[in-house]
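Asker: Sequence:
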Amino acid sequence: MKLLSEIKLVPDRPALDERPLERRVGLIILATDHTTEPDFRRMVASERIGVYVARIPYANPTTPENLRKMQPALTAGAALILPDEPLDAICYSCTSASVVIGDAEIETAIQAAKSGIPVVTPPMAGVRGLNAFGVRRISILTPYTVETSRPMATYFAERGFEVLSFTCLGFEDDREMARIAPAALIDLARQATHPQADALFVSCTALRGALAVTGMEEAIGRPVVTSNQATAWNCLRLCGDETAHPEFGRLMTLPLPRG
Numbered sequence: 029m030k031l032l033s034e035i036k037l038v039p040d041r042p043a044l045d046e047r048p049l050e051r052r053v054g055l056i057i058l059a060t061d062h063t064t065e066p067d068f069r070r071m072v073a074s075e076r077i078g079v080y081v082a083r084i085p086y087a088n089p090t091t092p093e094n095l096r097k098m099q100p101a102l103t104a105g106a107a108l109i110l111p112d113e114p115l116d117a118i119c120y121s122c123t124s125a126s127v128v129i130g131d132a133e134i135e136t137a138i139q140a141a142k143s144g145i146p147v148v149t150p151p152m153a154g155v156r157g158l159n160a161f162g163v164r165r166i167s168i169l170t171p172y173t174v175e176t177s178r179p180m181a182t183y184f185a186e187r188g189f190e191v192l193s194f195t196c197l198g199f200e201d202d203r204e205m206a207r208i209a210p211a212a213l214i215d216l217a218r219q220a221t222h223p224q225a226d227a228l229f230v231s232c233t234a235l236r237g238a239l240a241v242t243g244m245e246e247a248i249g250r251p252v253v254t255s256n257q258a259t260a261w262n263c264l265r266l267c268g269d270e271t272a273h274p275e276f277g278r279l280m281t282l283p284l285p286r287g
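Quick note on numbering: the working numbering labels position 143 of the sequence shown as 171, and the sequence is numbered without any gaps.
Rather than coming from a laboratory, the hints here were simulated on the basis of the structure. Be careful, since some hints might not be right.
As the list claims (entries may be wrong) - Keeping only pairs whose Cα atoms sit at most 20 Å apart, straight-line, the calculated EDC-like set for lysine to aspartate or glutamate is: (1) K97 / E133; (2) K97 / E200; (3) K97 / D201; (4) K97 / E75; (5) K97 / E190; (6) K97 / D40.
Kindly generate the complete structure, drawing on both the sequences and the hints.
Answerer: Structure (structure tokens):
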């Protein structure tokens, strides 16, 4: 084998762009999550916006106690996403854990590693999405047990929504929740929506709700806000992307409410 006699070093380094991609979205997801990454690739990532993911430990079943156990891992998870570099938004992708732990506590934990970065949680984004439609009377559909669903009802009621109906499916394993077919969610949305509700919130980042949202809206004749759709929308708007994507539901055509 003939070896090179010399390796040439270019004397002048090329100019560097400020960033490889113009905008950056950080994503903290559960170790067991099958759905959030594909959804964010589909709805958020582009030649302009990069999505950067960290996974944190999680063990089923999906109970309030197990959900709370993720809180100590949030700071370390955030620190792993492009260390020492700023982000435009960072999302913790677990709806039920966000409700149980609390949005403020999650923001504090994440900003301990990523100071000053806007933090998004699914229930927070869900509230913003419902506010963008100007609705107050809602129905909620979750795949959880009654025990895990109950804090969700309280969360939305405390933020001024009248929860006219709440339907849950009784699942305890988020990996099984991810296996619910999008077509089944359309039928479930029809069954779960109260006749007087102005909108439906479909909770859980494991559900493939973003693939079914237009079908659900057609089936019930009113807006549908889902966990991953809402966080994707919120993160896009924080990145300054106002492009309408009606293929992912009516919410994806609206601006982020101010305040």
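Asker: Hint check: K97 vs E75, CA-CA at most 20 Å. Holds or violated?
Answerer: Distance ~36 Å between K97 and E75 Cα, so the pair is violated.
Asker: Check whether the Cα positions of K97 and E200 lie no farther apart than 20 Å.
Answerer: Answer holds: K97 to E200 is near 16 Å, not above 20 Å.
Asker: Quick one, are K97 and E133 close enough, alpha carbons at most 20 Å?
Answerer: Within the cut-off at roughly 13 Å; holds.
Asker: Between the alpha carbons of K97 and D40, is the straight-line distance 20 Å or under?
Answerer: violated, 51 Å
Asker: Can the restraint linking K97 and D201 be considered satisfied, given a maximum Cα separation of 20 Å?
Answerer: Holds, at roughly 16 Å.
Asker: Verify the proposed pairing of K97 with E190, using a straight-line Cα cut of 20 Å.
Answerer: violated, 30 Å
In this structure, the hints that do not hold are numbers 4, 5, 6, in rising order.
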